[in-house]
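From first to last, the protein sequence lines are chains A and B. The end of the first sequence is residue 372 by this note's numbering, with every number in the run present. The end of the second sequence is residue 372 by this note's numbering, with every number in the run present.
FYI, nobody ran anything at the bench for these hints, they're computed from the structure. Any given hint might turn out to be false.
Identical copies go unnamed one by one, so any copy, or any two together, can satisfy a pair.
SDA-like, lysine to any residue: derived pairs with alpha carbons at most 20 Å apart [to be verified]:
1. Lys331 - Val251
2. Lys356 - Glu81
3. Lys356 - Val188
4. Lys296 - Thr171
5. Lys356 - His111
6. Lys356 - Gly85
7. Lys356 - Tyr245
8. Lys356 - Ile80
9. Lys356 - Asp185
10. Lys331 - Leu46
11. Lys356 - Arg187
12. Lys356 - Thr182
Protein chains: 2
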Amino acid sequence: MFKGTPSHPGGEFSSLVAAIGGQENAFTTADYTAYHQTVAREFLPLVMELEADRMANLVLTDEVVLPERDVILEERRSRIENDPGSLLSESVNATLYQNSPYGIPIIGWAHEIEQLDREDAVTFYDRYYTPNNAILVVAGDVTEAEVRALAEETYGAVARRAEPPARDWATEPPPLTERTVTMSDPRVTQTALNRAYLVPSYLNDVGNEGFALDLLADIIGNGPTSRLYRTLVVESGQAAAAGSYYGGTAVGSGRFGLYAVPRGETSLEDLAAAVDAVLAEVRENGVTAEELARAKRRVVAGAIYSQDSQAAMARYVGAGMTVGLGLEELKDLPRNVQEVTLDEVNAAARVYLDPKRSVTGYLVAPEPDERS
Amino acid sequence: MFKGTPSHPGGEFSSLVAAIGGQENAFTTADYTAYHQTVAREFLPLVMELEADRMANLVLTDEVVLPERDVILEERRSRIENDPGSLLSESVNATLYQNSPYGIPIIGWAHEIEQLDREDAVTFYDRYYTPNNAILVVAGDVTEAEVRALAEETYGAVARRAEPPARDWATEPPPLTERTVTMSDPRVTQTALNRAYLVPSYLNDVGNEGFALDLLADIIGNGPTSRLYRTLVVESGQAAAAGSYYGGTAVGSGRFGLYAVPRGETSLEDLAAAVDAVLAEVRENGVTAEELARAKRRVVAGAIYSQDSQAAMARYVGAGMTVGLGLEELKDLPRNVQEVTLDEVNAAARVYLDPKRSVTGYLVAPEPDERS
Numbered sequence: 001m002f003k004g005t006p007s008h009p010g011g012e013f014s015s016l017v018a019a020i021g022g023q024e025n026a027f028t029t030a031d032y033t034a035y036h037q038t039v040a041r042e043f044l045p046l047v048m049e050l051e052a053d054r055m056a057n058l059v060l061t062d063e064v065v066l067p068e069r070d071v072i073l074e075e076r077r078s079r080i081e082n083d084p085g086s087l088l089s090e091s092v093n094a095t096l097y098q099n100s101p102y103g104i105p106i107i108g109w110a111h112e113i114e115q116l117d118r119e120d121a122v123t124f125y126d127r128y129y130t131p132n133n134a135i136l137v138v139a140g141d142v143t144e145a146e147v148r149a150l151a152e153e154t155y156g157a158v159a160r161r162a163e164p165p166a167r168d169w170a171t172e173p174p175p176l177t178e179r180t181v182t183m184s185d186p187r188v189t190q191t192a193l194n195r196a197y198l199v200p201s202y203l204n205d206v207g208n209e210g211f212a213l214d215l216l217a218d219i220i221g222n223g224p225t226s227r228l229y230r231t232l233v234v235e236s237g238q239a240a241a242a243g244s245y246y247g248g249t250a251v252g253s254g255r256f257g258l259y260a261v262p263r264g265e266t267s268l269e270d271l272a273a274a275v276d277a278v279l280a281e282v283r284e285n286g287v288t289a290e291e292l293a294r295a296k297r298r299v300v301a302g303a304i305y306s307q308d309s310q311a312a313m314a315r316y317v318g319a320g321m322t323v324g325l326g327l328e329e330l331k332d333l334p335r336n337v338q339e340v341t342l343d344e345v346n347a348a349a350r351v352y353l354d355p356k357r358s359v360t361g362y363l364v365a366p367e368p369d370e371r372s
Numbered sequence: 001m002f003k004g005t006p007s008h009p010g011g012e013f014s015s016l017v018a019a020i021g022g023q024e025n026a027f028t029t030a031d032y033t034a035y036h037q038t039v040a041r042e043f044l045p046l047v048m049e050l051e052a053d054r055m056a057n058l059v060l061t062d063e064v065v066l067p068e069r070d071v072i073l074e075e076r077r078s079r080i081e082n083d084p085g086s087l088l089s090e091s092v093n094a095t096l097y098q099n100s101p102y103g104i105p106i107i108g109w110a111h112e113i114e115q116l117d118r119e120d121a122v123t124f125y126d127r128y129y130t131p132n133n134a135i136l137v138v139a140g141d142v143t144e145a146e147v148r149a150l151a152e153e154t155y156g157a158v159a160r161r162a163e164p165p166a167r168d169w170a171t172e173p174p175p176l177t178e179r180t181v182t183m184s185d186p187r188v189t190q191t192a193l194n195r196a197y198l199v200p201s202y203l204n205d206v207g208n209e210g211f212a213l214d215l216l217a218d219i220i221g222n223g224p225t226s227r228l229y230r231t232l233v234v235e236s237g238q239a240a241a242a243g244s245y246y247g248g249t250a251v252g253s254g255r256f257g258l259y260a261v262p263r264g265e266t267s268l269e270d271l272a273a274a275v276d277a278v279l280a281e282v283r284e285n286g287v288t289a290e291e292l293a294r295a296k297r298r299v300v301a302g303a304i305y306s307q308d309s310q311a312a313m314a315r316y317v318g319a320g321m322t323v324g325l326g327l328e329e330l331k332d333l334p335r336n337v338q339e340v341t342l343d344e345v346n347a348a349a350r351v352y353l354d355p356k357r358s359v360t361g362y363l364v365a366p367e368p369d370e371r372s
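Using the sequences plus the hints, can you model the full thing?
Right, here's the structure in full:
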C-alpha cells in the first residue's frame, strides 16, 4: 500500500513530519512523502483505518516533535556529515540547481533542522497532510470496488484541512557554465567522480525527450555492455566502476547522472578525460540502432518485471502520479518507449550532454602537506 | 538625498518597481532599493514632497508596468546576456550561495522577469514601499530640526500600508567544497579569473572579523603595493591586473572577492596557481605590522574622504543603516578599524581564505575545435 503526500521540495519540514508519522515505513523525495505498508490481504481494512487516522490525528506536542527533530539531526550526522561522498552530493546538487528548491537537501540543512519546532510541524502537517493532497495506491489481490468502498469509509471520513498548494517551484535559468565541486576530506579512502547534467523531466520535456534520455542513460552506463563500462572498466581498465542514470520523475527539472571510480593509479583528471571522450563520441557519432534496440528491451523489460512485485508496482504508480503523470501514461510506458527513434536519442545526447549543463563532483583525499 | 527601501534579496520585483519609480535615480542591491537626488538647497522641500508622493501614489497600471518590464528585460539583455563576464558572475554567485537568496541575480532571471505582471508590482510596492520601511538620509547644508519638520510634513503624511517584513533570509550551511565555474564563450576576447569566498558580513560577524576582512582585502589586493599586484603584476608579470575587495554591507553573508587578468601567454591555470601561492603565503606567515598600519590609514582615510562628498556620505550612511548597522557604529568606524589587531587579521586569513569556502570563475574562449 502506497500513499504519497506531495511536499514542498527540499525539506526539513517533510523529514520532520514523516519521522513523526512513522519513519520506518516512510520515505521522502524532493516532491513527495510516501508511506507504505505490505500486509496480508485480511489486514487491508485495518491498515487503511490506521493510515487514515495518521493523516488527521497525528500527535504533535513538544514531547513528540522535539525528540524527532533530534532523531533527524542524528540521522543527518550519521548518513551525511559522516560521509564525505554524501556531503559532496549535497554540494553538487546545490550547484546544479541555481534557482529551484531542488538544490536544498531533502533531509534539510543541519542549521535549519535545529530551528524547527512544534509549530513548524503543525503548519506543515495541516497544509500537506490533507486527504485531497494524497494519492492512495493499493496493489494486490483486491478489486477496485472493494478498495474504493474501504477508501471512502477511511480516508473519505477525514476532513479537508487545506487546498493542495500549487507546486509551481521556481524553475532553472538556462545553464551556461561548466562547474566542478571538489570535496577534499581525510576520511576519503576511495576517490570518485560523479557528474550531473540539468535535463528535462518526464513532466516538462518536449516530445519524447524523457524517454530518449532514459534510453541514452541505459546505453551509456547501464551494465557491462554499456559504453562507459566497456570503455573504462573492460578495455582501458582505468575504472573499477562506471555508470549512468536518468532521474526524470520530478515536478521540476530532471537530471542525467553519471559516476566513475578509478582503478589503481588512475587519477581523477585522467578518468574525467576518459569519461569526456566516451560522451564526445556519443554526441558526435550517435549511438547505434543495435544499442537502441537493446536499451529498449531492457527498459521495457524493467517496466514489466516491476509488475511482478506488488510493492514495486505500487511505488512506480505512486511516484509517477504524485509528480503529475497520468495513470494512462504510466501504463503506456512500454509502448511509448518503443516509439523513440534513433534521431531522438542522438538529439538528446547532443543537446543535453553539453558540458555547460553539467556539474562534476570530485571526491578526493587531501595531499599529505595540505593544511585545510 | 538618499532613501533606502529594503527589499527581498535577489529580485526582479525590486528591479521592476524601482524602474517604474524612476530608474535614472534609483539603484537596487540584494538588500535594498535606494532613490537618490542631488539638488540645490532650496529645492529640498519640493524634492521631499515628490519623493513622498512616489512612495504612495505610484501609478501601477498595465500601461506603466508592462513596458517597464520590457525595459528591464532589455537592460538584462544588454548588460548581462551580452556580456559573458556578467553571465559568469551570475553563475559564480548562484554557486557561492547554496541556500540564501543572494544566489539570485539582483535584476532577476530573464525567464522570471518575463512572468511579472501588474499584480506582482502592486503587491511588492504595497509590501515594501511603506514609509515605516524606509530610511531617509539627507546630507548637506541643513539642520536636523529643519529636515525633521519637512519629513513629518511629507513622508509623515504617507499612510502605513504594511509592517516591515522580517529580513530573516535563509542562511548558508557551512561551506565544505572548493568549486569552479567555467564560462566558455566565443565573445570572450580577454580571459580572466575571479574568485569569491563566503565570509561574515559586518552584521553577522564575531568581534572584529568584518573590519579584519576589510583590512585583509586592502593588504592583499588594493593598489600597487598590495600583495597580489606586487607579486603578479610587478614581479612575475603574469597578470595585467589583480585585486581584491571585501563586501561586508549585507544583512546575510558577506563575500571576499578577488580577480586577476592574465598578461600575454599566461594561462588561467598558471595564474590561479600564482594567486593561490600569494594567498597561501598570507595564510601561513601572516601579514606584516607595516602592511596592517598602511591598510588602516587607507581604510580610515577612505571613510573620512567620503565625507567630503554629500552624495557619498549619504550613500554610506544609507547603505549601512538599511542593512541594520547603527548610526553610531558607522560614525565609529575609523576608531574601530584602528583597534583591529594583527592577530585578528591573520586569523581572518587562516579561517576565511580557505579554498573550501571559495568559488573560482574562469572566463575563457572556446578552443578552436570545441563544438558547444
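Results for each hint:
In the homo-oligomer, the alpha carbons of Lys331 and Val251 lie at most 20 Å apart inside one protomer (19 Å), although the nearest pairing across protomers, at 51 Å, exceeds that limit. Only between protomers do Lys356 and Glu81 lie at most 20 Å apart by alpha-carbon distance; the minimum there is 15 Å, versus 29 Å within a single protomer. With identical chains, the CA atoms of Lys356 and Val188 are at most 20 Å apart between copies only, with a shortest distance of 16 Å across copies and 28 Å within one. Taking identical chains as interchangeable, the C-alpha atoms of Lys296 and Thr171 are never at most 20 Å apart, the minima being 30 Å within one chain and 45 Å between chains.
Taking identical chains as interchangeable, the C-alpha atoms of Lys356 and His111 lie at most 20 Å apart only when they sit on different chains, with a minimum of 18 Å there against 31 Å within one chain. With identical chains, the CA atoms of Lys356 and Gly85 are at most 20 Å apart between copies only, with a shortest distance of 15 Å across copies and 23 Å within one. Taking the closest pair of Cα atoms, Lys356 and Tyr245 come within 20 Å of each other only inside a single copy of the chain (19 Å); across copies the shortest separation is 28 Å, beyond that limit. For the identical chains of this complex, Lys356 and Ile80 are inter-copy neighbours only, at 17 Å across copies versus 28 Å inside a copy, given an alpha-carbon limit of 20 Å.
For a Cα distance limit of 20 Å, the shortest separation of Lys356 from Asp185 across copies, 10 Å, qualifies, whereas the shortest one inside one copy, 27 Å, does not. When the C-alpha separation of Lys331 and Leu46 is checked against a cutoff of 20 Å, the pair qualifies neither within a copy, at 29 Å, nor between copies, at 70 Å. With identical chains, the CA atoms of Lys356 and Arg187 are at most 20 Å apart between copies only, with a shortest distance of 16 Å across copies and 31 Å within one. In this assembly of identical chains, the alpha carbons of Lys356 and Thr182 lie at most 20 Å apart whether taken from the same copy (18 Å) or from different copies (8 Å).
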